[in-house]
Amino acid sequence: MTVGLPHVLTLAALLFGIGLYGALSRKNAVHVMMSLELMANAVNLNLVGFSRFVTPEAMTGQFFAVFSMVVSAAEIGLGLALVIAIYRRKRSVELDAVQELKG
Amino acid sequence: MSTTLPAVAFYLLAFAALYGAISMMSTRNVVHATVWLLEVMLATAGLYLVLDAEFLALVQVLVYAGAVAVLTLFTVMLTLRRREDAVRPFPTAWGSLAIAALFTGAMLLAIRGFCPVGVEMPAIAPGIEEFGRELFTTWMVPFEVASLVLLVALVGAVWWTGGDDR
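Taken in order, these protein sequences are the chains called Z and C. Quick note on numbering: the first sequence equals residues 1 to 103 in our numbering. Quick note on numbering: the second sequence equals residues 1001 to 1166 in our numbering.
Calculated directly from the structure, the hints in this document are not laboratory data. For every residue, glycine included, the Cβ atom is placed at its ideal position computed from N, Cα and C. Check the hints yourself; a few may be wrong.
Derived coverage of chain C by chain Z (criterion: at least 3 residues anywhere in the stretch with Cβ under 8 Å from a Cβ of chain Z; other residues may be distant) [stated by the list, open to error]:
| hint | stretch |
| --- | --- |
| 1 | 1035-1048 |
| 2 | 1060-1068 |
| 3 | 1082-1093 |
| 4 | 1139-1153 |
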């Protein structure tokens, strides 16, 4: 029973799919942000897997994962700040409450 | 010289991550979903350890399991008026389910059809010392830009959530 890069990629694809379902289906803004974090997490797992199996000396994937983590940390901070700003204005975190731009 | 991943640890952590993700989607309580997300992040940190990325495992625990989970819990608490608001009706979103399933199926097919490397992995994995040296030489400029990104995000978050006097 050996585990290789295809197993890591499969796990990451499944996690990404679950996160995609959550991001598309949920009405609660906080839950959507958490699903986005799950998807970013799956991408980081892919990067680390490729780094370990393809270029372990250069560690390029690991550095990409570090910067990807920085960006997704900034994203969740700003996203949750937006959620709180919407809550102050609308008294709700439902995405259905924010549809001024809906055609 | 090559080696393979420790299979038992990988399968245990993969099961933990997938179980947490599915529970996060199948619970109706937002607070429970946050705790399940925390569990997924910790399992991913374990997977990073299995993949010889010690620094990333530490950062994962610090940033995701620490900061992001606490931030999400605080937002949930700040935006709930009643305790009952945490429990949400389960969404009936067959379209989303179909899109996600199609995407995942396509990705799995692509992985089966095109995977450049097999189960063998190189035995040499540089440690955390080499990682730090590379980070502060080759990746110096992106590192500084990342600090700027975090500063801008911090100021922006404070500005957006600021008081009502504007």
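Hints and how they fare:
Counting residues of the stretch 1035-1048 of chain C whose C-beta lies closer than 8 Å to any C-beta of chain Z gives 6; at least three are required, and the coverage claim holds. Residues of the stretch 1060-1068 of chain C with a Cβ under 8 Å from some Cβ of chain Z number 5, which satisfies the need for three, so the listed coverage holds. Interface restraint, the stretch 1082-1093 of chain C with chain Z: holds (3 residues with C-beta to C-beta distance below 8 Å; minimum three). Chain Z is given as covering the stretch 1139-1153 of chain C, and this holds because 7 residues of the stretch bring a CB closer than 8 Å to a CB of that chain, at least three being needed.
In the structure shown, no violation is registered for any of the earlier numbered hints.
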